[in-house]
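Listed here are the chains, written in short residue letters.
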Amino acid sequence: MTRDRTEAARPEAATASEREDDRVLVQACLRGHRDAFDVIVERHQRQVYQLCYRFAGNHEDASDLAQDVFLRAYRGLHSFKGNSAFSTWLYRIGVNVCLNRVGSRTHKWTTLEVADRPDNRAERADARLLRGERAAEVRAAIAKLPKKQRAALVLRIYHDLPHDQIAEIVGTSVGAVKANFFHALANLKKLLKSQS
Amino acid sequence: MKHLSRIELVDLIESSPTLSADRLRHFETCAKCRAEAEALRDGRTAALEDGDAEPSPLFWNHFAARVAQAVRNEPAPVAATSWLRAPVITWATTASIVLLAIGITVWRTTLHAPAPTAPIVRQAPTPDVALASPASLPDDVDADEAWAVVRAAAVNLNWDDVHAAGISAHPGDVENVAQELSADERDELARLLDEDRKRNGV
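If you read the protein sequences in the order shown, they are chains A and B.
When we follow our numbering, the leftmost residue of the first sequence carries the number 10, and every step to the right adds one.
When we follow our numbering, the leftmost residue of the second sequence carries the number 13, and every step to the right adds one.
For reference, chain B alone in the conformation it holds in the complex:
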């Protein structure tokens, strides 16, 4: 039969009722296990020779006052969910920042994307989907009403504040957004890129 494990020996010297009758029988007949248990008991007895070092009774009042003074110099701890109780305007501002960051990320990264090396093949709209023709979409982004809302919300925003709020573009964001565009939206995006290239002489 195997000798008692370290865990079993600890349970034994602490009189924990976890050892089975078989293991106890082994212990009673095994000199090695008994010697190990004796060594552990000796170590425990030795540790207990170092009694509690109790400071002077006056220490506790002085210590508590010291800690209280140190705590008074600290900023008050704030519950992690205190932002939930913020006024409505904070929520509105946060929502605006999120929308703005998404819009800016898509707009800036796509306008500065490298020019495609192959001509863009435009697919004809599928007949079973009611699509607006490219001609009905605004030619000038500045005239777009939705974009005007975003611009108005962003007029006083600091980009560092947006980053500090944890909102920033991550690798793959552009690809993820592009994959969510409809066929018509991709057509329009391609048209805008073409226009920009021609305007910049690329």
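Okay, chain A solo, but in the shape it has when bound:
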């Protein structure tokens, strides 16, 4: 299955009905219906996985991180008050888990984990390899960014979240988010230039 960025990891602002559905599912979980949490996982697993992948850099670690995020969400369900969208609350857990776990670890960057997209099947193997290597360079450069800049860049570029939602997730102001995003982009360019 292939998806473009807009489908795979873009939650945008959750619609009112989606927010209500999530709240109903959370209430069901708290009343003892564990299968309601299975539905929550199914609805949010892609965005959580993609978030974790941006920080982990490889499939195995991303999978472990994503599972940890959902477990922490399950344990802390009673603290979800419904003041924000459930996806925002889940993102907050995810960003904290990722920043705490991968902050000082050596990343196992993979160069060939770009999915084969049907429309690129005609792409030459060497071009695909170069594209994979370039992607790995970008990920390695992003991994060197300070935590807040990295979080702002990942959430804005790869999850297309609006700045006010990012501010809610990382617990800061919209101005601070934009400033971190500014520095992230500027530093990313410098890092890639120095690597090349």
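Since the hints were made in silico from the structure, they are not lab data.
Hints may contain errors.
[To be verified] Below are the DSSO-like pairs computed for lysine-lysine, each with C-alpha atoms no more than 30 Å apart in a straight line:
1) 210/B - 157/A
2) 90/A - 153/A
3) 199/A - 210/B
4) 156/A - 44/B
5) 202/A - 14/B
6) 90/A - 156/A
7) 44/B - 153/A
8) 44/B - 202/A
9) 157/A - 44/B
10) 199/A - 44/B
Mind docking chain B on chain A? Use the hints.
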């Protein structure tokens, strides 16, 4: 005119309609601001070169099953307000613990308070307040009916349970309680302290 701020540059490259016409005019004529915006666009383009790493389609079923299994091993989450639905007996027990803790805190801390260094001056009761004379108050606390209720409620209580419930004395509690005593109550407290000192040979 000042150069565009970091926030304004971010809004510009994201085509956010927040910049005023003046700021846009500055940008069009300022080489420094245009160079900064170009650098930001380059950074964004570079970031987009890392496409989505989509795992195998089979991954999602396997992942969901993994999480479901891990969740089954967890204790069920409980709503923060579930204690409101507890039976009446739990409320009664909680209320008893609270009353008992207050009584024990005042009784124990006052009986073990250091002996006063100066004689206690007893004030005559004010004539416009109807007060019971000290002689009408019980001499023996064990004979006090109210205290008997507290003792009965506490007979099977564990002090650790009380602490675990978050009920404990805090610094200043004794002073706060003492300030709320009436003049007669302070007289009686002083009498009890005197008696205790004499009994213990202090």
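Evaluated hints:
1. For the hint pairing residue 210/B with residue 157/A, the CA-to-CA distance comes to about 68 Å; that exceeds 30 Å, so the pair is violated.
2. Between residue 90/A and residue 153/A the CA atoms are separated by roughly 35 Å; this puts the pair beyond 30 Å, and the hint is violated.
3. The straight-line distance between the Cα atoms of residue 199/A and residue 210/B is roughly 84 Å, outside the 30 Å bound, and the hint therefore fails.
4. About 28 Å separates the Cα atoms of residue 156/A and residue 44/B, which keeps this hinted pair within 30 Å; it holds.
5. Distance restraint check for residue 202/A and residue 14/B: the Cα-Cα separation of roughly 29 Å lies within the 30 Å cut-off, and the hinted pair is therefore satisfied.
6. For the given pair, residue 90/A sits about 27 Å from residue 156/A by alpha-carbon distance, which is consistent with the 30 Å threshold.
7. Under the criterion of a C-alpha separation no larger than 30 Å, the hint pairing residue 44/B with residue 153/A is consistent with the structure, at around 27 Å.
8. For the given pair, residue 44/B sits about 20 Å from residue 202/A by alpha-carbon distance, which is consistent with the 30 Å threshold.
9. Distance restraint check for residue 157/A and residue 44/B: the Cα-Cα separation of roughly 26 Å lies within the 30 Å cut-off, and the hinted pair is therefore satisfied.
10. Annotation: proposed proximity of residue 199/A to residue 44/B holds, straight-line Cα distance about 17 Å (limit 30 Å).
Figure legend: structure checked against the earlier numbered hints; hints not met, in rising order: 1, 2 and 3.
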